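Visitor: Residue numbers (the working numbering), protein chains in the order written: chain E, 1 to 252; chain V, 1 to 357; chain D, 1 to 79.
Just so you know, nobody snuck in bad clues.
A short, non-exhaustive set of chain D residues, derived as facing chain E with CB atoms under 10 Å:
no.	residue
1	E12
2	K38
3	S53
4	C61
5	E67
6	A72
Hints in this document: simulated from the structure, not taken from any laboratory.
All values reported here derive from a predicted model rather than from experimental measurement.
All C-beta atoms in this analysis are idealised placements derived from N, C-alpha and C, irrespective of residue type, glycine included.
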Amino acid sequence: MNKVFARSAGLTETALSYCPGCTHGIVHRLVAECLEELSLREKTIGVAPVGCAVTAYKFFNCDMQQAAHGRAPAVATGIKRVLPDRTVFTYQGDGDLASIGMAEIVHAAARGEKITVIFINNAIYGMTGGQMAPTTLAGQITTTSPTGRDPEKVGHPIRVCELLSSLQGVAFLARVSTHDPKHVGLAKAAIKKAFQTQEAKQGFALVEVLSTCPTNWGLSPIESLKWLEDKMIPYYPLATFKQPEEVTAVGS
Amino acid sequence: MSERVMMKGNEALAEGAIRAGCRFFFGYPITPQNEIPEYMSRRMPQVEGTFLQAESEVSAINMVYGAGAAGARVMTSSSSPGISLKMEGLSYLAGSEIPCLIANIQRGGPGLGGLAPSQSDYFQATKGGGHGDYHAIVLAPNSVQEMADMPGLGFVLADRYRTQVIILSDAILGQMMEPLTLPEMGFPGPVEKPWATTGAAGRPKNIINSLGLLGEELYAINLRLQEKYGRISAAEVRWEEENTADADLVVVAYGTTSRIVKSAAALARAEGQRVGLFRPLTLWPFPSEALAGLAEAGKHFLVAEMSAGQMVEDVRLAVNGKTPVALFGKLNGIIPTVREIYAVIKENCAVAKDGAA
Amino acid sequence: MDKVKKLEIDAERCKGCGLCTHFCPRGLIKTADTFNSKGYKTAVLTDEERCTSCTFCARMCPETAIEVYREAESRKVVG
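The whole structure should be built from the sequences, with the hints applied where relevant.
Guide: Take a look at the structure:
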């Protein structure tokens, strides 16, 4: 018997603290696998957000910094400017990146900071108990939109990829999903390209990963993946918005 | 119609603000105060008020600035790291003399800290936090009842003096449930705010501003602020004393710590220790005169707080070296117990008795 | 000859989320009746023979609790 699927060395042995069925765990594994497969892990510094992934510094098997809410792109900028030959990534939720951190992400992208951003979009604030996020869908019920998000009062959800795509500093921009094995595979390919973009010094790279929050959506893990597919993808279309002309493959 | 209900502290604070006429709330999620924006999101539409979840605590405090300067009764809430974000806004509010209410449901720090209660934002609340020479009135509840009542007092003071009021609470008060009597709905009449920017039809224009580029301009602003703070200090100090008349030792505490101290002091009293309690209700203006009086009478002091020691400095200033001031400062992360504080009270009572003898 | 199992499911990491159960193309994974130390009913492979080691279960597992083994190709000489 040959081992055909093993736990990546890019993850520590620490058990994940996410809810059962939460796709954070899948994405953590994809990032870890990419760093291993591209032989980047030992020169990588990751930046953890404030949100459910606040303890990501325990799970990724590389140097990590924990940043204030929304400030990860600025923190990553500080790291990358000091250590330009290292791989620097941020891992952020939708409150962290698209709410309080909107200025930081726009400017890191505009400056073309050579960092890789993993953006987890699950249309809600998870850690703090299910409040509305900038990515919450119209009509979606949350603890601060108890009768459903009303676009008349609080506007429509923000499509981050589309928003950032106008900035010249952005070299790689993609939106992917985690709702079935095929899409998990495509997500990994995009994450890999996002790290390769950094390695090739081509500019800012971001992957928006549509994700679930079973606990705060009030759905089972399987129902959540279905809700993601049926409700989120129509509003947040899967696409590669920008990619460099040649994303030079690094490693395999 | 006064209702007797059982409520969580955070929600009682929100309801208390609504009943005091607050019709605008701007805030952002942060544990352990999420129940406040969540409650407001349900309740504000019911009273035709406005709830808006801002993109950050910085935006929220600036929304408060705009709304307050437009004449509204407005508040925001947050917890320690989020309150740090509001400090620039608070300084602007102070310089521009915009009335408002800010609730800080303190959690552990520094930095991202933890979710347990703390009292380590005392300096930030009473000495500034924001830049410049200013003071916010700081109210310190210690029960769900006071969480419901203090917003009303806060708004009255804010409007009376065109100043900012901070309600300095903590995670335990925010999360615990107690029975309380809700305050009556409605505040005594809308307050006239001729200085507010509401559109200058029929009157000279109003400007809300904290810039004083010319030295004399800024000096005049600061003079006006200091004169105001003098009036507030003279008229708005509030505190509670218990068993201080015959006490050898007076324990000074506020908020949740004052509840733990109360239980500990009761144990000590039952054994014949002469211990009294002093609970500031306003942390700014601080009840320095009352404490000085007790020091004059030879009483020793023990300050108990959930921090490395912040209020103790104000107590020492008030006591001015007349008698000893000991500190029981429980560092962030662990909540003090009744037994712990009782042991420290006993120890200090012994010293105080010897001192008196 | 002792056979290594096709799936190694770390029951202590498993949170019983059901994703592996749902995505197994042959429906071979079920939820056990027993609990792990955290109180989760964990995933178990019910039919070793019919498992093709496709790794869908492992790829969807948020806890990376599943490792997959595949039988080495047996060379059958025909004719």
